[in-house]
Amino acid sequence: MLTKKPVLSPDRCFSPEPVQRRLAHQFFDSISALPLVCPHGHVDPALLANPAARFGSPTELFIIPDHYILRMLYSRGVPLEALGIPTRDAPTETDHRKIWQLFAEHFYLFQGTPSGLWLKDELTNVFGVDEALNSRNAGRIYDYLEGLLALPKFSPRALFKRFNIEVLCTTDAASDNLENQRSLHEEGFTQIRPTFRPDAVVNLDAPGWRENLTKLESSIGREISSYATFVQALEERRAFFKKMGATATDQGAATPYTTSLSDQEAEAIFARALIGKLNPGDVEQFTGHIFMEMARMSVEDGLVMQMHCGVMRNHNPALFERFGSDKGADIPLNIEWTRNLHPLLSSYGNNQRFRLIIFGMDESTYSREMAPLAGHYPTILLGPPWWFHDSVNGMERYFNQVMETAGIYNTAGFNDDTRAFVSIPARHNVWRRVACNWLAGLVTRGLVDEEEGYDMARALAYDLAKSAYKLD
Amino acid sequence: MLTKKPVLSPDRCFSPEPVQRRLAHQFFDSISALPLVCPHGHVDPALLANPAARFGSPTELFIIPDHYILRMLYSRGVPLEALGIPTRDAPTETDHRKIWQLFAEHFYLFQGTPSGLWLKDELTNVFGVDEALNSRNAGRIYDYLEGLLALPKFSPRALFKRFNIEVLCTTDAASDNLENQRSLHEEGFTQIRPTFRPDAVVNLDAPGWRENLTKLESSIGREISSYATFVQALEERRAFFKKMGATATDQGAATPYTTSLSDQEAEAIFARALIGKLNPGDVEQFTGHIFMEMARMSVEDGLVMQMHCGVMRNHNPALFERFGSDKGADIPLNIEWTRNLHPLLSSYGNNQRFRLIIFGMDESTYSREMAPLAGHYPTILLGPPWWFHDSVNGMERYFNQVMETAGIYNTAGFNDDTRAFVSIPARHNVWRRVACNWLAGLVTRGLVDEEEGYDMARALAYDLAKSAYKLD
Amino acid sequence: MLTKKPVLSPDRCFSPEPVQRRLAHQFFDSISALPLVCPHGHVDPALLANPAARFGSPTELFIIPDHYILRMLYSRGVPLEALGIPTRDAPTETDHRKIWQLFAEHFYLFQGTPSGLWLKDELTNVFGVDEALNSRNAGRIYDYLEGLLALPKFSPRALFKRFNIEVLCTTDAASDNLENQRSLHEEGFTQIRPTFRPDAVVNLDAPGWRENLTKLESSIGREISSYATFVQALEERRAFFKKMGATATDQGAATPYTTSLSDQEAEAIFARALIGKLNPGDVEQFTGHIFMEMARMSVEDGLVMQMHCGVMRNHNPALFERFGSDKGADIPLNIEWTRNLHPLLSSYGNNQRFRLIIFGMDESTYSREMAPLAGHYPTILLGPPWWFHDSVNGMERYFNQVMETAGIYNTAGFNDDTRAFVSIPARHNVWRRVACNWLAGLVTRGLVDEEEGYDMARALAYDLAKSAYKLD
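Protein chains in written order, with this note's numbering: chain S, 30 to 501; chain F, 30 to 501; chain G, 30 to 501.
Since the hints were derived computationally from the structure, they do not count as laboratory data. Be careful, since some hints might not be right.
Copies of the same chain are indistinguishable here, so a pair counts whether it falls within one copy or spans any two.
[Unchecked claim] Computed list of lysine to any residue pairs in SDA-like fashion (alpha-carbon distance at most 25 Å, straight line):
{"id": "1", "residue 1": "Lys34", "residue 2": "Arg426"}
{"id": "2", "residue 1": "Lys306", "residue 2": "Gln293"}
{"id": "3", "residue 1": "Lys127", "residue 2": "Gln381"}
{"id": "4", "residue 1": "Lys127", "residue 2": "Asp501"}
{"id": "5", "residue 1": "Lys190", "residue 2": "His125"}
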């Protein structure tokens with residue numbers, strides 16, 4: 030496979046201005062060989078725990094599990110059934126080569142999007158495809174990829190080594206037995222660590238909450254019939270996760286509202302949840318209270334606390350009923366941090382044992398609330414641009430709106446936050462390039478010295494993520 | 030009239046970086062001759078229906094009807110009376126040459142604004158004025174323009190042909206008899222189409238609501254004494270508009286709140302409106318319900334639905350009382366789409382017969398709500414940057430904040446949304462230039478191939494608007 | 030002290046694109062010698078009133094009073110005690126050379142921040158330090174600065190002359206006797222003017238409200254036992270401030286909510302405040318009403334009204350209890366202008382005797398609300414980017430989001446809003462550079478003529494601030 034012009038420009042993400050571009054290359058060259066630190070993501074640990082695991086067909090690797098791909102195709106009229114997504118009650122396409130062809134015919138939809146950039150990078154740098162995917166070469170490329178994916182050197186484990194990943198944190202339910210991590214550790218893969226994510230039991234409106242609680246009961250080996258027992262369960266599970274290598278927790282909620290309920294109030298809400306008779310406001314009050322409790326536990330056990338806020342999950346009820354969650358139908362919400370975090374920060378904001386990393390998709394809060402909070406409280410770090418904003422422009426907005434107030438050292442560097450294992454190097458590549466180009470812009474504008482630029486590039490590419498998540 | 034340096038730079042809107050600028054020119058050259066598609070605007074069809082129509086004096090063309098011009102002059106202390114705006118009760122300036130002189134003396138206020146750019150383009154490219162307007166040459170330029178405007182080749186019809194407008198959609202009240210469109214169609218001008226805009230009757234707080242309803246009654250030839258009849262009236266009028274060539278409807282509201290009222294609730298509110306005794310919240314509830322009804326009708330008759338949300342009309346009560354609406358005193362509001370559109374999208378968001386184009390002036394919702402919604406729902410397209418944001422920076426923000434998530438193919442291309450007929454080419458010119466410069470930036474940054482750039486330029490300049498409004 | 034490369038780039042804040050950069054230099058050269066107009070700030074007039082006043086140690090000058098510096102160091106774990114901040118009850122570091130060393134060791138935190146840029150400028154241009162501060166040279170630089178600061182030519186008065194400040198407005202409590210200004214005026218320093226800031230008495234939840242009221246009583250020489258007397262007191266004090274050279278007032282509040290209470294309502298709230306029994310909402314209602322009253326008084330006495338809105342003061346209660354206000358723990362809030370200012374603008378928005386300058390830190394309101402309001406009402410001007418946004422990117426966002434709608438002539442130019450006297454030239458330098466670079470961008474993009482660029486540069490650097498505050 031040969032073409033004249035590379036599919037993937039060596040200058041990608043860099044300013045066309047020659048002096049800035051040259052400097053961006055220099056910064057990038059100085060950090061591009063650093064290992065990848067992946068402190069927050071959603072890779073299935075089973076992929077790595079089982080040496081015989083394979084990615085399946087190109088369609089199983091690139092299309093079916095990727096909600097960014099699904100949503101864009103769906104938005105232009107491609108039914109999810111035609112993409113092989115399992116439905117509750119109807120047949121779905123099973124010919125993966127045909128799905129791939131359909132995808133290739135619509136690949137133009139991803140022009141200028143991060144998904145398009147990642148995919149080009151993966152095809153080029155992971156699989157050696159050196160032509161742009163289109164409807165004519167789709168079948169040929171499919172066959173080529175299918176051949177490679179069957180080879181041991183394209184197994185998840187082999188790629189894990191090739192990707193130079195120094196540490197990879199997974200995200201795991203509070204009730205998870207972490208068997209995959211255990212077996213990986215026994216094999217020496219201690220750099221794969223769990224993260225404690227209790228959303229399924231602490232958000233009282235989570236789908237299947239009662240079943241999730243039952244799983245939590247199983248994990249601690251006793252019944253959870255009161256709020257007090259529930260909190261004990263969380264504490265026990267955190268201790269277990271920590272023993273299994275976790276350094277952090279994570280929680281998602283529609284809003285970063287925090288509040289401190291009395292024990293009686295918390296017990297009353299929990300009791301109503303158990304009998305399935307929640308009052309209006311119970312969900313928000315309980316989640317807001319658990320944020321406080323999780324902060325308290327972080328002070329006690331030293332796990333870094335993460336908050337991901339501001340998404341309305343499953344916005345499309347018909348799609349959710351038919352195909353379930355994570356099909357690209359989650360839509361961000363506007364949020365407010367200054368007032369909502371006030372109770373939590375009043376209690377724990379100055380505590381040297383506490384660390385909180387916050388993520389949101391309301392970019393209007395970057396310069397107004399997030400950077401000022403991180404630029405004052407010793408306990409707060411800012412997570413990188415999240416989800417829809419994990420893109421060239423999204424990162425540039427983040428740098429330009431956050432860094433003047435918070436400085437880079439109040440951020441947590443980068444994390445890829447992905448379940449698409451093969452996209453990890455591509456995502457870090459974009460971050461590192463955009464960061465280096467931003468720094469080159471600061472230097473060419475006389476705002477930062479060249480020497481400082483090299484230090485900052487390394488911090489953004491590597492050091493900050495490690496130290497933020499206590500991985501050093 | 031000769032000057033050395035052109036008033037209008039051939040490089041306008043393009044980056045000074047030479048490589049990007051060259052490519053922007055190439056993209057622009059490839060699309061600049063494409064016809065103009067104008068699927069949403071406010072040109073008075075009478076201007077075109079009457080072959081003898083003229084624009085009047087330069088002041089009547091450029092100043093008196095342009096609320097962008099009026100608001101800026103008013104904001105710096107120029108009374109609207111001095112600009113010839115009719116008042117309810119007092120004399121107003123009638124010497125148009127004097128008004129033009131006053132305008133020229135204040136023309137520096139428009140430095141760096143879109144109004145300034147449009148006006149320079151119109152003077153140069155429509156009228157051949159090749160010097161910058163100022164207080165010294167104002168009278169001379171006035172006389173020159175006055176001479177031209179009397180000529181048949183500067184009649185609205187002549188300019189319509191010269192402007193290479195492929196289709197022009199007007200905006201018309203629900204009760205409009207569309208006589209102008211009818212006579213235009215009979216003359217062969219079938220490319221001039223109406224748009225169904227029922228704001229005056231569906232927004233129960235619209236000025237003169239009762240009179241507007243009376244007109245609607247006349248248009249259907251019977252009394253509207255109930256909500257049920259009202260809905261029938263809307264359906265009948267939509268059918269009439271569709272027969273007269275309409276492909277779309279439009280609605281404006283302070284908020285995109287949608288809700289489904291029961292028939293009894295809707296009847297009760299409508300009954301209160303008829304007797305002029307609305308309860309608090311009635312207006313918002315009724316408009317929110319009508320949004321749902323308009324979506325249902327769109328599913329049935331195939332008209333594209335448009336929503337323009339987030340403006341407080343007539344913010345300045347003293348000005349409104351004296352001079353009426355549309356004098357530059359409408360101020361945008363913050364809005365929310367994710368929760369507000371949820372009811373409507375839950376009902377119609379996946380319906381293949383439905384199409385919804387949304388517009389807002391709360392740019393914080395571009396990346397947070399609008400692009401994610403359009404990047405998921407097959408029914409949603411994003412309208413171009415609207416009103417105050419129909420500008421070089423406004424468009425760049427739109428491209429940078431929308432396209433990574435929604436891609437360009439979930440947008441409706443450009444529309445000029447103007448009542449200033451003569452400004453139409455200038456407005457499309459700015460859009461096409463900014464789009465080409467943005468694409469050149471993507472190519473020089475290695476994010477899009479040059480070949481893709483040409484395709485995207487054509488789509489943004491022409492194809493997307495046609496297909497979004499079902500004009501192809 | 031000699032190094033090869035200057036610490037402060039002569040190209041700082043300018044685009045690396047050569048044509049734009051050259052033009053930016055030309056614009057900057059044309060305005061850099063203009064005097065500084067400082068119509069809003071917080072310099073202590075005692076510094077200037079007393080010819081023998083000195084700045085103290087380098088630590089007293091640069092660190093202890095600067096809440097930008099304090100918050101960043103605190104955010105990375107440096108205790109305020111170690112920085113010499115007085116606490117209510119515990120010892121604090123008193124060795125200023127040691128504090129300076131600690132600061133230098135953490136100076137990398139300010140990379141790319143406005144504080145870092147200002148400090149480099151001050152060290153270079155005010156004190157002639159020509160090397161970058163670091164942990165190794167910290168002691169040497171401290172000694173050097175300490176030596177200079179003892180010299181008469183580095184007294185506040187000497188620097189005032191050297192800085193070429195044409196006018197400097199201070200900010201003073203309503204009860205202030207303005208003795209410093211009086212003595213300055215007697216010495217001929219009439220360019221130092223007070224500003225009337227009644228927050229401490231009109232915001233009923235201001236710390237020490239009762240004591241503040243007592244001071245106000247003293248200043249007018251009689252008791253304030255009713256709302257009516259309170260309003261009279263404000264009027265009397267405004268008259269006194271005006272006599273002492275004030276041309277403006279200023280008010281800060283969490284929100285720009287305005288409302289008109291009846292006399293009875295206002296009296297009732299004031300009576301509750303006097304007995305310390307406020308109802309929920311009283312504070313916001315009263316402040317909102319006083320905004321209206323202050324506007325009325327501005328119409329009567331011609332003082333320019335300023336509103337600074339959208340900050341939650343003292344967000345960190347533990348820090349506040351220990352160290353008091355203004356230690357970097359104020360966090361911005363989202364705000365709304367369109368609805369909140371509606372009552373005030375309905376009453377005074379068209380009044381030729383009224384002028385209102387508004388400031389906020391919610392940048393999402395720049396293009397959505399602030400620019401449209403200023404681009405319509407003849408009474409509104411926009412203040413420059415404030416507080417956290419007084420930075421290179423903050424200014425660029427302001428220019429790009431405000432100017433297309435409001436034009437530059439509806440803004441109030443620049444003010445430094447600082448209590449750090451020595452940083453004044455550095456802050457104006459950043460504004461002037463960013464403005465010139467922005468204008469050079471407009472010219473090189475063909476949006477503004479070069480000649481217009483020179484006019485606009487002068488307006489932004491000098492004229493607008495003078496005329497906005499009636500200082501011409």
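Intra- versus inter-copy proximity for Gln381 and Lys127 (alpha-carbon distance at most 25 Å): between (56 Å within a copy, 23 Å between copies)
Since the copies are identical, ignore which copy is meant and state whether Lys190 and His125 lie within 25 Å (CA to CA) inside a copy, between copies, both or neither. Result: close neither inside a copy nor across copies, 28 Å intra and 52 Å inter.
Within a copy, between copies, both or neither: which one fits Lys306 and Gln293 at a CA-CA cutoff of 25 Å? within (17 Å within a copy, 30 Å between copies)
Within, between, both or neither: how does the pair Lys34, Arg426 come out at a Cα-Cα threshold of 25 Å? Classified as neither: same-chain Cα gap 30 Å, cross-chain 31 Å, threshold 25 Å.
Pop the pair Lys127 and Asp501 into one bin, within, between, both or neither, using alpha-carbon distances up to 25 Å. Neither: 46 Å inside a chain and 30 Å across chains, both beyond 25 Å.
In the structure shown, a violation is registered for the earlier hints numbered 1, 4 and 5, in ascending order.
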